[in-house]
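Construct the entire structure; sequences and hints are all you get.
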Amino acid sequence: MTRSALLVPRRCAVGALVLACLAGDAGLAWSQTPFTAVGLGAPVAPIDARAAGMGGTGLGLLGGGSLSARNPADMGFYVRPVVGITYSPESVSIKGPGQDLDTGRSRLGVLRGAVPFSDWTVGVAFASELDQDWQVEFSDTLRSAAGTFPFTEQRVSDGGVSSVNFTLTRRVSRVSLGVEYGIVTGNLRQLFLRDFEPDTADVGNRIAPSAATASWAYGGSRFRIGAAADVTDRIRVSADVSVQGDLTAERDSLDVLVQSSSFQMPTAFEAGASARVTPRILVSGAAGWTGWSGSEGSSTAFVASDVVWFGVGAELTGARLLGANFPLRIGLRRTDLPFHAPGTTQPTETAITLGFGLRVGAERAKLDVAFEFGSRGDLAASGVEESFQRLSLSLALFQR
Amino acid sequence: MRRILFLAAGALAVASCTEDSLIGVDPTSPPGPSSETVEVSIGVGDLPLWRDTTFVGYAVPSSSGIQFVANEPSLVSRVLGRFSTLPDSIFVDTARVAVERFESARLRLIVDSLAGPVLPDSGTELRVHGLARGFEEREASWTEARAGESWTTPGGDLADLLGSVRVDSLQDTLFVPISVDSDSLLSDWLASDGELGYAVSSSADGSNLTFAALALVFDVKPEGQDTLIEVIRGPQPSTFIFSPETPLPGEELRLGGLPAARIYIRFELPDTLDGVPLRGSRINQASVIFRSLGAPPDPFATTDTLFASIFELLADPFEAGPKTPVGLNVGSFVELDPEILASGGEQSLNITQLIQTWAGASADSLPDLQIGLRTLPEGGGVGYWEFGDMSDPATAPRFVFLVTPPTEFSVP
Chain W
5 MTRSALLVPR RCAVGALVLA CLAGDAGLAW SQTPFTAVGL GAPVAPIDAR AAGMGGTGLG
65 LLGGGSLSAR NPADMGFYVR PVVGITYSPE SVSIKGPGQD LDTGRSRLGV LRGAVPFSDW
125 TVGVAFASEL DQDWQVEFSD TLRSAAGTFP FTEQRVSDGG VSSVNFTLTR RVSRVSLGVE
185 YGIVTGNLRQ LFLRDFEPDT ADVGNRIAPS AATASWAYGG SRFRIGAAAD VTDRIRVSAD
245 VSVQGDLTAE RDSLDVLVQS SSFQMPTAFE AGASARVTPR ILVSGAAGWT GWSGSEGSST
305 AFVASDVVWF GVGAELTGAR LLGANFPLRI GLRRTDLPFH APGTTQPTET AITLGFGLRV
365 GAERAKLDVA FEFGSRGDLA ASGVEESFQR LSLSLALFQR
Chain X
2 MRRILFLAAG ALAVASCTED SLIGVDPTSP PGPSSETVEV SIGVGDLPLW RDTTFVGYAV
62 PSSSGIQFVA NEPSLVSRVL GRFSTLPDSI FVDTARVAVE RFESARLRLI VDSLAGPVLP
122 DSGTELRVHG LARGFEEREA SWTEARAGES WTTPGGDLAD LLGSVRVDSL QDTLFVPISV
182 DSDSLLSDWL ASDGELGYAV SSSADGSNLT FAALALVFDV KPEGQDTLIE VIRGPQPSTF
242 IFSPETPLPG EELRLGGLPA ARIYIRFELP DTLDGVPLRG SRINQASVIF RSLGAPPDPF
302 ATTDTLFASI FELLADPFEA GPKTPVGLNV GSFVELDPEI LASGGEQSLN ITQLIQTWAG
362 ASADSLPDLQ IGLRTLPEGG GVGYWEFGDM SDPATAPRFV FLVTPPTEFS VP
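Protein chains in written order, with the working numbering: chain W, 5 to 404; chain X, 2 to 413.
Check each hint, because a few of them may be wrong.
Computed spacing ranges between beta-carbons, pair by pair [to be verified]: (1) W:S257 / X:T304: 48 to 56 Å; (2) X:T306 / W:S264: 55 to 63 Å; (3) W:Q103 / X:G44: 22 to 30 Å; (4) X:T304 / W:Q103: 50 to 58 Å; (5) X:A321 / W:A149: 54 to 62 Å.
Covered, in the sense of this in silico footprint (three residues per stretch, anywhere, with C-beta under 8 Å from a C-beta of chain X), are these stretches of chain W [what the hints assert, rightly or not]: (6) 145 to 156; (7) 192 to 201.
Calculated directly from the structure, the hints in this document are not laboratory data. Every residue gets a Cβ at the ideal spot worked out from N, C-alpha and C, and that includes glycine.
Right, dumping it as structure tokens:
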């Protein structure tokens, strides 16, 4: 018996749609890998566009109800029922050793509703947690005694982890206390498809394609408590802590469980504050720590590290557009990213942020827009690097 | 309620994130689960089971669809036949009228120009003789009129010359006029169901003519009428005899020839081959490769490109024998390249479809791996190819697989 293994890189992409002819350095094992494909995926901050425009803070923001899904206690400052949604498309350029590759992502970041009554507020929020969406396509050649077969290979990861969070807050004077129970859920579909062209020497010599799929279902839970307080009329502080059970990933085939994995999910702490330093200027800051380092479990495919993040921002109010309030925002944020390849340094993400808001319909609706310009990782140190431009759109409806 | 929430949240989760495809990444390090496509091979001597054999007789000259006359140093051939369906009455207008007499008759021969007819520069003479001894069409050979009954003269006991024609150049249609009394000859054939038949031969050395069709064309005079009506009748039966006769195969595996030979094999594959799982894997390509034993001796060596097909066998051929019921074809037709085979090269046969079915079947319903190989059309000529069997490791068949083992998915 003889065996030979024969995936020999052709190193030259085929087809009009292929963007680059890559002569990559094989030493960069994770080059041109999107961050959504690293570890458990890319964490998604559950913030609205207002918070995104102010450096990704979203904790203890004065000046209107927040649609972010960070501290449940922040909901205690709602005075009217509200429902809102945040959508965040972004364009991404993934750096490669030879040439950059452009792609794009879009996320439904937060979908939230809250109803205050008396000193209580109940709410529910859907939030994206881990983005695992990516798909790549490349070309290569299989050389064998049976022939030389160029092929195109597609690998798809479609899905991610999200949460549905039920919150309850109690307002006691200038203090709001909140609890939240979150159901962590989600699905992931993985696809591998290798489609061969005929033998380069004999078009009649064809071989069958290879394909495989897997479907995973995620499950878990999270408990979070928080507190927020208006220290003065011009200063609000907010902090929360959350603990999570393990995240289980179960793969089934025809409703039969065939594979299961579990990952320890992190405890997180975050705090923030905002202060109205002048009647027209609001400044905010927030920071947090997430203990991701225990999440890699027995996997040797990636390393998980604790994450520290912070953001600062400012909002200028008083401007008007078409007769409506038109707040302008600016901010800066930095966060560690939890997952990276073994032997590489932990990547970070930094961005400068801009934004504005618009209250319309006799202040019954609010549209917030944020722009973020930033980068993630470092090709030399982390093996992965992306630059991105993200647009966040939030629309909130208030019931009188 | 919790289930509904999970479903709703799952649906939102799926819809919440999307990403455009990255087209073009470094193929040495793409992310995501995959599985390498590898090539593995095994000789039939290493298989848990391999049995092979050659069965002959699936097409004989009388059923082969061809008939040829040859007069070459390495091959002589004559066409034999009987006109057993001559009419004793014919329709004239709307009435059936008895045949009063047979007028002029001639044999019409349509030459198969695609079969590579050979005519010496000096031309040849095609001759039609009556036979002095009857024959059995499925058993007739150059030496025997029927099984156990030899010709007095090998090549058929020729009686009177019935007609002949000089052929100086190749033509699509040849007519051999019957030079004896047509009414007498055809009346005899009518009365005896064509017995004892006729033989067509070629007189010149180096001639070889294959006929696509042969018929007797004659005029009849209906009883009580003055008009002549042309009637055409084909021979029934028709065959040809040739010398030398095809040798019986030995241990080697033979494909084609007359009588036509088929290769029947039965085998078992291991679940794992050199560490690569076959069962449960994606079989991208599976081939069984035969090694040719070179060109057979004249006149059985052929320079024509033949085609072959692989078909399933519905029973164990080593129990059911030559009459093993056959199933569907496996894969497409195979071209047998005479240059490669004459030089002792390899002939690869694609059996991917069969092995894919086997690899994907559950352990308690594994299909039997037994296939046959035949030429297309079967009995299209006297030429054949022979391949090594398992007795000689140097020329024994072997299998080559391109396999993609099951993808090991994981999260992440």
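Hints versus structure:
As the Cβ distance of W:S257 to X:T304 is approximately 54 Å, the hint placing it in 48 to 56 Å holds. Range check, X:T306 to W:S264: about 57 Å between beta-carbon atoms, so the 55 to 63 Å window is met. Distance hint check for W:Q103 and X:G44: the Cβ-Cβ separation is about 47 Å, which falls outside the suggested range of 22 to 30 Å. At roughly 54 Å, the beta-carbon separation of X:T304 and W:Q103 lies within the given 50 to 58 Å, and the hint holds.
Under the hint 54 to 62 Å, the C-beta atoms of X:A321 and W:A149, about 35 Å apart, miss the expected range. Judged by the Cβ-Cβ criterion of 8 Å, the segment 145 to 156 of chain W is covered by chain X as claimed, because 4 of its residues qualify and three suffice. Coverage of the segment 192 to 201 of chain W by chain X holds [criterion: at least 3 residues with CB-CB distance below 8 Å; count 5].
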